[in-house]
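Mapping of the sequence shown onto the working numbering: residues 1 to 417, in sequence order.
Just so you know, the hints here were simulated from the structure itself, not pulled from any lab data.
It cannot be assumed that every hint is accurate.
Cross-link-like lysine-lysine pairs, in silico, DSS-like; alpha carbons within 25 Å at most [claimed, not checked]:
(1) Lys159 - Lys145
(2) Lys411 - Lys397
(3) Lys188 - Lys200
(4) Lys406 - Lys393
(5) Lys359 - Lys402
(6) Lys359 - Lys393
(7) Lys308 - Lys248
(8) Lys108 - Lys88
(9) Lys139 - Lys200
(10) Lys77 - Lys88
(11) Lys211 - Lys200
(12) Lys88 - Lys139
(13) Lys183 - Lys145
(14) Lys317 - Lys248
(15) Lys393 - Lys353
(16) Lys382 - Lys393
(17) Lys159 - Lys97
(18) Lys138 - Lys188
(19) Lys276 - Lys317
(20) Lys145 - Lys211
(21) Lys153 - Lys97
The calculated label-pair distances, taken between Cβ atoms and stated as ranges, are [to be verified]:
(22) Arg142 - Ala59: 56 to 62 Å
(23) Arg142 - Asp31: 38 to 44 Å
(24) Cys252 - Ser134: 34 to 40 Å
In this text, a Cβ means the ideal position worked out from N, Cα and C, and glycines have one as well.
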Amino acid sequence: MLIGNMIRRKPTINDYVYAILNRDNGDQYSDVLGRYDITADQFGGAVNRILENYVQLAARELCPILEAIAKNPERRKELFNMGEEFVKQQYDRMYGKIPGETQTRFYKGTFFHSENIDTLVYYALTFHNRALTSTNRKKAVRGIKNLPHSLAKYLQHIKLAGLMSAFEKGEKGPWAVLEIFDKVYQRKVGDKSLFDLTQKEHLHRWGDNLKASNSYWQNSANVEEAVYHILTENNPVLASSNREKVIKSIKCLPSNLVYYLYDIGLSGLMANAFVKGKMCSPLAVLEVFDRAYRNKTGDKSLFDLTQKEHLHRWGDKFQLPHFYWRNEDNKEEAVYHILTENHPLLAYTNRRKVIEGIKNLPSGLSDYFYRLFSNLMNTFEKGEEGSPLAVLKIFDKVYQRKAGDKSLFDKTQDCYL
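Construct all of the structure, not just a fragment, from the sequences and the given hints.
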């Protein structure tokens, strides 16, 4: 091959064989390439060819060594450990930092070894963001948070698109790159992971201004971690094991709970973690928090109506999934519980006392019921919207079941409505 006034010798099969053996023996990657006048692309292309056909291509006495390399994935992979400086020089050439030398892509084999990838990710990100070289945790975290929102496009812009496409299927793309950066940061600084939530300054795996992929939210453990951490980080009382304090704190959350949860960083989760119908539902988020609370405290559900302190699933702030009131059990639970909670006499199984309790309800019954369960009143069939009678019919149905009595509206009884 003619290069300038020099003729470059074409490597022989033996050159490739001995280059592989030298690398396996621990000789530096760049030294081996120079020794046999082989390019990185040539070496990368030859390794598999030699190792898969060594019987036909290599001297008989070398076959046992080549066979051992071919059968050992780690030894095979180690052939491509290029060394830190070699990898950095590739990146410098791609940005024209080495006079007279240019490179348009990474050499074949660069992504075959994890140490090459570690070096490349750390060097590329610090090359463009000097703050990320800091050993100060706070500055490093801030530097990551200040990366452009569209992380995939940004990584493509700084020539890491090829690296992302090299990740195994199912890896987290741009976020896998940040996890690699974090691994190198820990090694260089001797610090905890930047994603360690127990540290004051930390990153969230689900993204701050950076958004996690949709697939991230298909893992229930990821959903639970994010919900519990974000809510307790913004409302420290929610981390308490005191049931009364936790419930009081939830009831004190802003009235427009959807916007609040979006504002504190749960918008991606709310749009992608729940099944159709529960998407963007504050109730779905609080149910996840409740599950985490129970796991951590061993307490009953915060929605357990048998407990003195409890939350209502139909709470006004929770913006229920649209199908919640289509379920008759949900309607019955809400009506019976709210009425008996506000009027204990209605929980009796004594017919006369219950009817007396209903007759003593406030005279403006429609307005009163709207105050008690406003988001239920407009869910009745056409013609019954806002009807107090529709509410009392639901209560009556539950009463009959609990008391084993006739309907409170049954005129054949001595006492009736």
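ask   = Given the proposed pairing of Lys406 with Lys393, does the C-alpha separation stay at or below 25 Å?
value = Measuring from Cα to Cα gives roughly 13 Å; hence the hint holds.
Is the straight-line distance between the alpha-carbon of Lys153 and that of Lys97 25 Å or less? holds (23 Å)
| Are the Cα positions of Lys138 and Lys188 separated by 25 Å at most? | holds (16 Å)
Checking one constraint from the list: CA of Lys382 to CA of Lys393, max 25 Å. Satisfied? Satisfied, since the Cα-Cα distance of roughly 16 Å is no more than 25 Å.
Using the Cβ atoms, figure out if Arg142 sits within 38 to 44 Å of Asp31.
holds (41 Å)
Check: Quick one, are Lys211 and Lys200 close enough, alpha carbons at most 25 Å?
Finding: holds (21 Å)
Are Lys77 and Lys88 close enough, with their CA atoms no more than 25 Å apart?
Status holds; Cα separation ~19 Å.
request  = Would you mind confirming whether the straight-line C-alpha gap from Lys159 to Lys97 stays at or under 25 Å?
outcome  = holds (15 Å)
*25 Å limit on alpha-carbon distance, applied to hinted pair Lys359 and Lys402*: Measuring from Cα to Cα gives roughly 20 Å; hence the hint holds.
Q. Does the structure keep Lys188 and Lys200 at a Cα separation of 25 Å or less?
A. holds (20 Å)
Checklist entry - Between Lys183 and Lys145, is the straight-line Cα distance small enough, at 25 Å or below? => result Since the Cα atoms of Lys183 and Lys145 sit roughly 17 Å apart, the hinted pair holds (cutoff 25 Å).
Take the C-alpha atoms of Lys317 and Lys248, compute the straight-line distance between them, and say whether it is at most 25 Å. holds (14 Å)
Violated hints: none; the structure is consistent with every hint.
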